[in-house]
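Participant: Single-letter residue listing:
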Amino acid sequence: MTDVKKTSGISRRTAVKGIGATLGAAAFAKAIAPLTSWAANQSIDEFLQKHYQELTPAQMQKVLKRLEEDTKKDYGAEVTITDPKPQPGVKFGYALNLSICVGCRKCAQACHVENNHDRKSGNSYIRVLEMKKGSLDIEHGKVDYKGPVPKSDSFYMPVQCQQCDNPPCVDVCPVEATWKEKDGIVAVDYNWCIGCRYCEAACPYHARRFNWTKPEIPQEEITPVQGYLSNRVRPQGVMEKCTFCMHKTRNGELPACLQACPTGARVFGNLLDPESEIRWVLENKRVFVLKEELGTKPSFYYFFDE
Amino acid sequence: MKPRPLLIAAILGFAVVLCLASWWIYQRSFASFEEAVSHRQVQIALDTGEAHPVTIQGAPTTPTVLADLSQSGRAPTEVACTTCHSTRTPQLAQRDSVQLDEFHQGLQKQHGTLSCLSCHNADNYDTLRLADGTPVAFENTMQLCAQCHGPQFRDYTNGSHGGMNGYWDLKRGPRTRNACNVCHDPHSPAYPQLIPVFPPKDVQLRKQKYGDSYPDPDQHAH
Ligand code: SF4
Ligand code: SF4
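Read top to bottom, the protein sequences are chains U and D. Numbering-wise, UniProt numbering puts 103 at position 103 of the first sequence, and it's gapless, one number per residue. Numbering-wise, UniProt numbering puts 207 at position 207 of the second sequence, and it's gapless, one number per residue.
This is chain U alone, in the form it adopts within the complex (with noise of 0.2 Å):
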């Protein structure tokens, strides 16, 4: 099942591009239907659907509906699946205080849950690394320690996508299935991803994820505020990754993870504004960035309090 919709992934776009250019769309639809047979679980709307950013307004409507409908037949679940939009004036950032982040894992579980996950691999965009205090090597952070946290000798460092100006992973995608959008977020159209995993080779923050399979989550389980571009429920054979919660804080809302933080080690907000809490940190804290000497420009920043 999962070599089949892996290859047939490839040769999708090879057909689309090459047929579809000589047939009519209708034909080309008639000509193609005894693929759907192999092809199990996609439709020949799915399969014909445009890239996100050639999508009118009208056909998006229309796929938001059939994702809907979807999730509904698939899942059981009522969701409300949006594509809200960059707001003018807006771009995100992100900065962590790592002198009071206690390592709880809170945020990596509020991100599982809120980006509805597939349960059984325990997916997260974020993983907590904890270090000596002392050191800052980060290919040695453990993520899967135990016990009480903090530990007195240890310091916590959660990693997830820095939502980078100059992102590695959107140069070596070869469908340009993703991109980066006005307000800095690095986005995926899961339903134009071939699933050639190039881009998660590219991240030097290994913050992208591969879905193995087709998630699995129970019914009442679903996050039913969804985005087409974030949470909603990724096919299987996609590459998926943190969207900064798109569909929460395009509409002005903290995202999951930093609402999930007890100790308010996060600090989410727009960097154009002056008066932001985020420009804040910028201004007054000593902050920095990782493996900076790779070009990357992230949107997410480190501090300690002095």
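Rather than coming from a laboratory, the hints here were simulated on the basis of the structure. Some hints here could point you the wrong way.
Claimed, not checked - Only some residues are given here: those of chain U computed to face chain D with a beta carbon under 7 Å:
| no. | residue |
| --- | --- |
| 1 | R105 |
| 2 | K106 |
| 3 | V143 |
| 4 | F268 |
Said to hold, decoys possible - Chain U regions said to be covered by chain D (calculated; three or more residues, Cβ under 8 Å):
| no. | region |
| --- | --- |
| 5 | 88-102 |
| 6 | 146-154 |
| 7 | 234-241 |
| 8 | 245-253 |
| 9 | 281-292 |
Stated by the list, open to error - Pulled a few chain U residues facing chain D out of the computed Cβ check, cut under 7 Å:
| no. | residue |
| --- | --- |
| 10 | A108 |
| 11 | G122 |
| 12 | T213 |
| 13 | V267 |
| 14 | G269 |
| 15 | E277 |
Backbone N, C-alpha and C define an ideal beta-carbon position, used for all residues, glycine too.
Knowing the structure of chain U, use the given hints to seat chain D with the ligands on it.
Facilitator: Just chain D with the ligands now, kept in the frame of chain U:
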């Protein structure tokens, strides 16, 4: 004579390629950076309308204590501080719960050299008091903490310390913030150790790779 037009074409072609290449390099390396740093010129239409409120939660309006009434055969009950304190003379000399012969004996205090009455107001136990004697309502404990913990209070006011919920954009919705005492027991304010939730599962994958000698986090953490 003859190769001239060819040469010109070649030079032109080269120039075009050079321009395209430098434009590409510029786009890749500097344009995104400029975009990121040029925010001071960006015109933001700031909505000056009413901002939504920030509510501080977790500080009691009427402070109570859980009174052990077992000797009188009754279940423990929450009673307001003044219930007892209005009928008793304050023991101004006693600095610690260990010196008390009745009530509050088990109370653990690990808060520097402070005594009970450094914060509690002997004239009205339903309030607290600042170092200069000014009474403060329990709801405003932050003011009391701020006397000694200036940097933390500054960070709190600027949003980089203390749990919160709601909206980053106060023009679109309200926010709630925790009072200091939600996370820090004032009597023993160090943040307590806790068992981390949500152990990462990709360890399972490593286990497949390295065999059973790799420890399973699920078996110990809960
Ligand atoms: S929830 Fe907050 S304190 Fe806990 S690990 Fe995440 S950032 Fe750190
Ligand atoms: S912002 Fe949302 S998607 Fe990103 S790590 Fe936090 S919870 Fe996960």
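Participant: Please go over all the hints and tell whether each is borne out by the structure.
Facilitator: Consistency of the hints with the structure:
1. Hint on R105 (chain U) holds. Least Cβ distance to chain D is approximately 5 Å, under the 7 Å limit.
2. The interface hint given for K106 (chain U) is met, as the beta carbon of that residue sits about 6 Å from the closest beta carbon of chain D, less than 7 Å.
3. The criterion of a C-beta within 7 Å of any C-beta in chain D is met by V143 (chain U), whose closest approach is roughly 5 Å, and the hint holds.
4. With 7 Å as the threshold, the beta carbon of F268 (chain U) comes within range of chain D, its nearest partner Cβ sitting at about 5 Å, so the hint holds.
5. Check result for the region 88-102 of chain U against chain D: holds, 7 residues qualifying (beta carbon to beta carbon below 8 Å, three or more required).
6. Only when three residues or more bring their CB closer than 8 Å to a CB of chain D does the claim for the region 146-154 of chain U stand; here the count is 5, and the claim holds.
7. For the region 234-241 of chain U, the proposed coverage by chain D is not satisfied: 0 residues have a C-beta within less than 8 Å of a C-beta in that chain, short of the threshold of three.
8. With a threshold of 8 Å between beta carbons, the proposed coverage of the region 245-253 of chain U by chain D holds, since 4 of its residues qualify and at least three are required.
9. Given a C-beta distance limit of less than 8 Å, the hint that chain D covers the region 281-292 of chain U holds, as 3 residues qualify and 3 suffice.
10. Against a cut-off of 7 Å between C-beta atoms, the interface hint on A108 (chain U) holds, since the closest Cβ of chain D lies about 5 Å away.
11. Using the Cβ-Cβ criterion of 7 Å, the hint placing G122 (chain U) at the interface with chain D is satisfied: the shortest such distance is roughly 3 Å.
12. Using the Cβ-Cβ criterion of 7 Å, the hint placing T213 (chain U) at the interface with chain D is not satisfied: the shortest such distance is roughly 13 Å.
13. Interface hint at V267 (chain U): satisfied, since its Cβ lies 5 Å from the closest Cβ of chain D, which is below the 7 Å cut-off.
14. A least Cβ separation of about 5 Å between G269 (chain U) and chain D falls short of the 7 Å threshold, and the interface hint therefore holds.
15. Restraint check, E277 (chain U) versus chain D: the minimum CB separation of about 3 Å is within 7 Å; hint holds.
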